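Q: Chains as they are written, first to last, in the working numbering: chain A, 11 to 209; chain B, 11 to 209.
Worth flagging that the hints you see were computed from the coordinates, not collected in a lab. Just so it is clear, the structure is predicted and the values come from calculations on it, not from any experiment. By construction, the Cβ of each residue, glycine as well, lies at the ideal position given by its N, Cα and C atoms. Heads up, a few of these hints could be off.
Stated by the list, open to error - Now the stretches of chain B that chain A is said to cover, found in silico as 3 or more residues with beta-carbon under 8 Å: (1) 62-69; (2) 133-145; (3) 149-162; (4) 167-174; (5) 201-207.
Said to hold, decoys possible - Here are some chain B residues the structure puts well away from chain A; computed CB gaps all over 10 Å: (6) 28; (7) 29; (8) 30; (9) 38; (10) 42; (11) 49; (12) 111; (13) 185; (14) 186; (15) 191; (16) 193.
Protein chains: 2
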Amino acid sequence: MTDSEYDERRRSIGARRNPEAQEAILDAAEAILIEDGAAAFSIEAVARRARAGKPTIYRWWPTRGTLLLDIYHRQKPAVIHADTGSLEEDVTLFIERLLEYWKGGAGQVFRVVVAEAQRDVACAEALRTYAAGRRRQTAAMFERAIARGEISPDTDSLLAAEMLAALAWHRLLTDRLAIDRNEAKTVARQVVRGLKVSD
Amino acid sequence: MTDSEYDERRRSIGARRNPEAQEAILDAAEAILIEDGAAAFSIEAVARRARAGKPTIYRWWPTRGTLLLDIYHRQKPAVIHADTGSLEEDVTLFIERLLEYWKGGAGQVFRVVVAEAQRDVACAEALRTYAAGRRRQTAAMFERAIARGEISPDTDSLLAAEMLAALAWHRLLTDRLAIDRNEAKTVARQVVRGLKVSD
Numbered sequence: 011m012t013d014s015e016y017d018e019r020r021r022s023i024g025a026r027r028n029p030e031a032q033e034a035i036l037d038a039a040e041a042i043l044i045e046d047g048a049a050a051f052s053i054e055a056v057a058r059r060a061r062a063g064k065p066t067i068y069r070w071w072p073t074r075g076t077l078l079l080d081i082y083h084r085q086k087p088a089v090i091h092a093d094t095g096s097l098e099e100d101v102t103l104f105i106e107r108l109l110e111y112w113k114g115g116a117g118q119v120f121r122v123v124v125a126e127a128q129r130d131v132a133c134a135e136a137l138r139t140y141a142a143g144r145r146r147q148t149a150a151m152f153e154r155a156i157a158r159g160e161i162s163p164d165t166d167s168l169l170a171a172e173m174l175a176a177l178a179w180h181r182l183l184t185d186r187l188a189i190d191r192n193e194a195k196t197v198a199r200q201v202v203r204g205l206k207v208s209d
Numbered sequence: 011m012t013d014s015e016y017d018e019r020r021r022s023i024g025a026r027r028n029p030e031a032q033e034a035i036l037d038a039a040e041a042i043l044i045e046d047g048a049a050a051f052s053i054e055a056v057a058r059r060a061r062a063g064k065p066t067i068y069r070w071w072p073t074r075g076t077l078l079l080d081i082y083h084r085q086k087p088a089v090i091h092a093d094t095g096s097l098e099e100d101v102t103l104f105i106e107r108l109l110e111y112w113k114g115g116a117g118q119v120f121r122v123v124v125a126e127a128q129r130d131v132a133c134a135e136a137l138r139t140y141a142a143g144r145r146r147q148t149a150a151m152f153e154r155a156i157a158r159g160e161i162s163p164d165t166d167s168l169l170a171a172e173m174l175a176a177l178a179w180h181r182l183l184t185d186r187l188a189i190d191r192n193e194a195k196t197v198a199r200q201v202v203r204g205l206k207v208s209d
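Whole structure, please, built from the sequences with the hints as guidance.
A: Take a look at the structure:
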């Protein structure tokens, strides 16, 4: 599922559900997140703030993890993926922008989503679907480079995309989001050119 | 800190602490993990089983996450890192063996450690130290390849090691541990040879 397919599915379920009530709940949930942070976030607090019944929220989002993921997804900007005509530059910008974006509150929210997914099956499934969509989006960066003849046509673009996303997750989950341009460039160089001595 | 330095530190703190009592607690904790799983694991249950006071355990391990990490570390075999003389083969074996190892109970334990680290500062710090040690160990695989002239001497070995570990974490945290030899080989090929068309 691509990112826009994920959106589409979310909207279409939302439409069946009652889009205004759903957006009101997401707004309330977002406000609570900003005020109290992801750790303190609970369905109870969201219900109070949105003046909605807890059963209503649970019907739409079975767990706090799934609700947090939808808020995270709704906030996420589309500017992470660049298209500069150079894969190394695109990869450098991708890793810089994603880690920079996570330094704000969004990183805190996403960390909690990943943590919840380790004990909440519904959240795990939603996260897996979401991550697969993001992977396809990031893989497009590599597909464009194949089309330009910049990288080998037998590149596994999804795997390359996953390795980049995985590095970003690893930095987030070990609280090491600071990255300078040189390090981001080294990431890109090692991913694109590899490690092998040219022969 | 290397893996053996981490061991050393654990042992030396243990010696100051009372090594027998410490090992008895780790044994009890391990038994509970095997019987009930990581999700149900609590300091209370460990104290009961080890016939130790909760304050004793808390003095040595401030949180359940830090205790889980020590059990995980104590169990982990040294066979993950191969030295075949070919970096691509070493990387293939590393990713295969680590994911295979995690398919047993160890993966469940490590997932919970990573989840706990997102809300428990002591666990986060212990995990960061542990991961840095493992990274240095994995980087040795790349250092050997540099010494053999197989890869470029300006390779950032720690970064290459981190990208591998990050991929493994990502698979674990999204519950996608199954990997076949072809995919493991593709990982190794893309890491070592890169994506660029040779020119």
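Q: Evaluate each hint against the coordinates.
A: Each hint, compared with the structure:
no.	hint	result
1	62-69	violated (count 0)
2	133-145	holds (count 4)
3	149-162	holds (count 6)
4	167-174	holds (count 4)
5	201-207	holds (count 7)
6	28	holds (31 Å)
7	29	holds (29 Å)
8	30	holds (33 Å)
9	38	holds (23 Å)
10	42	holds (17 Å)
11	49	violated (6 Å)
12	111	holds (18 Å)
13	185	violated (6 Å)
14	186	violated (8 Å)
15	191	holds (14 Å)
16	193	violated (8 Å)
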